[in-house]
Amino acid sequence: MAARTLFAKVWDAHIVSPESDARPAILYVDLHLIHEVTSPQAFAELRARALSVRRPDLCLATLDHSTPTVPIASLKDLAVVSEPAAAKQVLQMEQNCRDFGIELRSFGSGERGIVHVIGPELGATQPGKTIVCGDSHTSTHGAFGALAFGIGTTEVGHVLATQCLLQRKPRTLAVILTGTLSAGVTAKDVILKIIGTIGVAGGNGHVIEYRGSTVAGLTMEERMTICNMSIEAGARAGMIGPDDVTYEYVAGRPLAPRGSAWDDALERWRALGTDAEAKFDQSVSIDVSRLKPMVTFGTNPGMVVAIDESVPAGDDPAFRKALAYMQVDAGKPLKDKLVDVVFIGSCTNGRISDLRQAAELLRGRRVAKHVRLLVVPGSQQVKRAAEAEGIDEIVKAAGGEWRESGCSMCIGMNGDTAGRGQLSVSTSNRNFEGRQGSGARTILASPLTAAASAVTGKVTDPRELMGSSRRI
Amino acid sequence: MNGIKQVRSRTVVLPIDDIDTDQIIPARFLTTTTKTGLGKSLFTDWRYHPDGTTRDDFVLNSPDAEGAAVLVAGRNFGCGSSREHAPWALLDFGIRAVISTEIADIFCNNALKNGLLPVIVGADDHRWLVEHPGIEVTVDLETQSVVLPGGRRIGFPIDGFSRYCLLHGLDQLGFLLENEPAILAFEQRLI
Ligand code: SF4
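Chains as they are written, first to last, in this note's numbering: chain F, 1 to 472; chain S, 1 to 191.
One chain only, chain F, in its complex shape (with noise of 0.2 Å):
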């Protein structure tokens, strides 16, 4: 057989039926996640139909986007801290998934969390899976070598009912990345200057494969990061061939196959990866070892300097409405504005390391006082482990507040909120105008970043703040 992709592997396993000129591929999805904002519509179309779910073993199911990151014992609470609307999406989310099959982690599952952080925790995301949802960062899941991409809700509908998507084949692009990372560097910033690089529409059409020297040396929660990020470029998917960091990290989980079920499926991961003879569609190298924290000064993800750059100058309409709108001038950098939130979490960086990392800056220091820091674990069983090393003391020592998982201030769904006007340093994805509340000023940043500048209440290189020595 011709040498072939990483995608066009996973892609061939899955064809129920190949695509032609008059109609597209059906895709077969061997794990579909859900949650409450993109499927009740989906949901209600079953039931109009009178369809049954085909595949509810095939379902991960939670909550996350609408839901409270204040305590609530049980869904009674709801009504008391969440607004009608969102209580009830949730509400109808339990009803769903109890009259179609669907099992779901919902409020007192030690298994809740942003379902691109409990995928991959559980062990339900594999090497080799197609993997879809009703969500645009379902990418992150590419970390593992599997072709997972975002749908919109009719589509959630035709999985729910059929296990099957109508597809045409993306083209690939290759994004090469080599060079080892300075400290005080991190994976964030390496995808926000791959966005800044190729532009946010760079991607569009295409699965991108991340490849090179440094994505070797990545672990897989650097990897999750910057997978995360491939729809900021454009790219619905974006993947990274399996190895055994992988595989060590699959390994184990609730959901990962065991025993001779485990050998059988190694066998198979480890064919997965692009052969050397393959050819991409497209290909861009990026050198990252001169790599600095970088920060966004716009209003797309694209829009993005290292932190001691300069906004550049532009004079194109929208270039020029998202500087007035984020208030930055052109000609000056980003570092030392004055800063009013910082959100520390994400499907981006809400996991553990990144708590990690950002604990390491707030350990024993504390966060400026007209700082609000919000730090939210991507799920509770980040949130546990995170407890567990005393990170949720260092966060409330330092005058931060440590909460219940879930998306929280990425979207700005659940009633955490930056104000009108004010400016946030957000471990999150987007920096779209009122993505994080209507007015407010979105900079995305790294969990380093984002800690420094809770700390000195501006715009902060992180070095400044390490130990010149130290490598976090």
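Hints listed in this document are in silico derivations from the structure and should not be mistaken for laboratory results. Fair warning: this is a prediction, and the values are worked out from it, not measured in the lab. The beta-carbon is built from N, C-alpha and C at its ideal position, and this holds for glycine as well. Heads up, some of the hints might be wrong.
Said to hold, decoys possible - Computed list of chain F residues with no C-beta within reach of chain S, every gap over 10 Å: (1) 56; (2) 100; (3) 150; (4) 257; (5) 323; (6) 368; (7) 392; (8) 435.
Said to hold, decoys possible - Quick list of the computed label-pair ranges, beta carbon to beta carbon: (9) 308/F - 57/S: 51 to 57 Å; (10) 3/S - 325/F: 39 to 45 Å; (11) 464/F - 49/S: 35 to 41 Å; (12) 387/F - 10/S: 57 to 63 Å; (13) 151/S - 308/F: 55 to 61 Å; (14) 143/S - 15/F: 18 to 24 Å; (15) 171/F - 10/S: 33 to 39 Å; (16) 92/F - 171/S: 21 to 27 Å; (17) 329/F - 62/S: 40 to 46 Å.
Said to hold, decoys possible - Listed next, the in silico DSS-like pairs over lysine-lysine satisfying Cα-Cα at most 25 Å (straight line): (18) 369/F - 458/F; (19) 396/F - 458/F; (20) 458/F - 321/F; (21) 369/F - 335/F; (22) 396/F - 193/F; (23) 88/F - 40/S; (24) 5/S - 88/F; (25) 292/F - 193/F; (26) 35/S - 321/F.
Based on these hints, arrange chain S with the ligand on the given structure of chain F.
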């Protein structure tokens, strides 16, 4: 869904690049559990002042925009989240076709599934449309062309299967369900 052959309307022009789905319909309106009623919240933060009063300087609020069903937008329209609420909001508002030089993948898929026509044209034609707001055009799905006043046509690409479904009002779930035997056979191979 009823079949769609063409959309005839004046254009309304919003020539901003990278208009994301958070602008089209902000997340705070996603707590709905239905598809209807989102039109009043379309582009909320661009259409209204914080106190709820209308912003006269926003193009969709101008009297000329009233009843316009064809939106001419900047490059990479609909980037960002997968929320199908974005095409639902546009349709609920009365927009039936979006013309741009590039439309984000997930938005494009979602639009096609709901009968909102994504129309991709070349940069020169796009510039001409931007420079001539409010003209009467016909977006013709059968001939895959935008017909301008005077009869000039601008062709546009569209996935053949989606086009067929839209023209005939066919729904893609029905098509998938008919493939049940193939799906079952595939699943049996997996075991
Ligand atoms: S954390 Fe943010 S980006 Fe991730 S799933 Fe939640 S809302 Fe979406």
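Here's how the hints hold up against the structure:
For residue 56/F, the condition that its CB be more than 10 Å from all CB atoms of chain S holds, with the nearest at approximately 14 Å. Even its closest Cβ contact with chain S, about 15 Å, leaves residue 100/F beyond 10 Å, as expected for a residue assigned away from the interface. A beta-carbon of chain S is positioned within 10 Å of the beta-carbon of residue 150/F; the least distance is around 4 Å. Remark: the non-interface label on residue 257/F is consistent with the geometry, its nearest Cβ contact in chain S lying 14 Å away (cut-off 10 Å).
With 10 Å as the threshold on Cβ separation, the claim that residue 323/F sits away from chain S holds: the shortest Cβ distance comes to roughly 14 Å. With a least CB separation of 27 Å from chain S, residue 368/F remains clear of the 10 Å interface cut-off, as annotated. For residue 392/F, the non-interface assignment is confirmed: its Cβ lies about 27 Å from the closest Cβ of chain S, beyond the 10 Å cut-off. Not every Cβ of chain S is farther than 10 Å from the Cβ of residue 435/F; the closest lies at roughly 5 Å, contradicting the non-interface assignment.
Under the hint 51 to 57 Å, the C-beta atoms of residue 308/F and residue 57/S, about 36 Å apart, miss the expected range. In this structure the supplied range 39 to 45 Å holds for residue 3/S paired with residue 325/F, their Cβ-Cβ distance being about 41 Å. The hinted range of 35 to 41 Å is satisfied by residue 464/F and residue 49/S, whose Cβ atoms lie roughly 40 Å apart. Here the CB-CB span from residue 387/F to residue 10/S is close to 59 Å, well matched to the stated 57 to 63 Å.
Between residue 151/S and residue 308/F the CB atoms are about 57 Å apart, so this pair conforms to the stated range of 55 to 61 Å. Between residue 143/S and residue 15/F the C-beta distance comes to about 32 Å, which lies outside the given range of 18 to 24 Å. Taking 33 to 39 Å as the suggested C-beta distance range, the pair residue 171/F and residue 10/S conforms, at roughly 36 Å. Our hint of 21 to 27 Å for residue 92/F and residue 171/S holds, since their Cβ atoms are close to 23 Å apart.
Distance hint check: the CB atoms of residue 329/F and residue 62/S are about 31 Å apart, inconsistent with the given range 40 to 46 Å. Between the alpha carbons of residue 369/F and residue 458/F the distance comes to roughly 11 Å, so the proposed pair stays at or under 25 Å and holds. A distance of roughly 20 Å separates the Cα atoms of residue 396/F and residue 458/F; the hinted pair therefore holds under the 25 Å criterion. Proximity of residue 458/F to residue 321/F is assessed by CA-CA distance (about 23 Å); at most 25 Å being required, the pair is judged to hold.
Taking the CA atoms of residue 369/F and residue 335/F, the gap is about 18 Å. The hint holds against a cut of 25 Å. For the given pair, residue 396/F sits about 32 Å from residue 193/F by alpha-carbon distance, which is inconsistent with the 25 Å threshold. A distance of roughly 21 Å separates the Cα atoms of residue 88/F and residue 40/S; the hinted pair therefore holds under the 25 Å criterion. Distance hint between residue 5/S and residue 88/F is unfulfilled; the C-alpha atoms sit about 38 Å from each other, more than 25 Å.
With a C-alpha separation of about 9 Å, the suggested pair residue 292/F and residue 193/F falls inside the 25 Å cut-off, and the hint holds. For the given pair, residue 35/S sits about 31 Å from residue 321/F by alpha-carbon distance, which is inconsistent with the 25 Å threshold.
Figure legend: structure checked against the earlier numbered hints; hints not met, in rising order: 3, 8, 9, 14, 17, 22, 24, 26.
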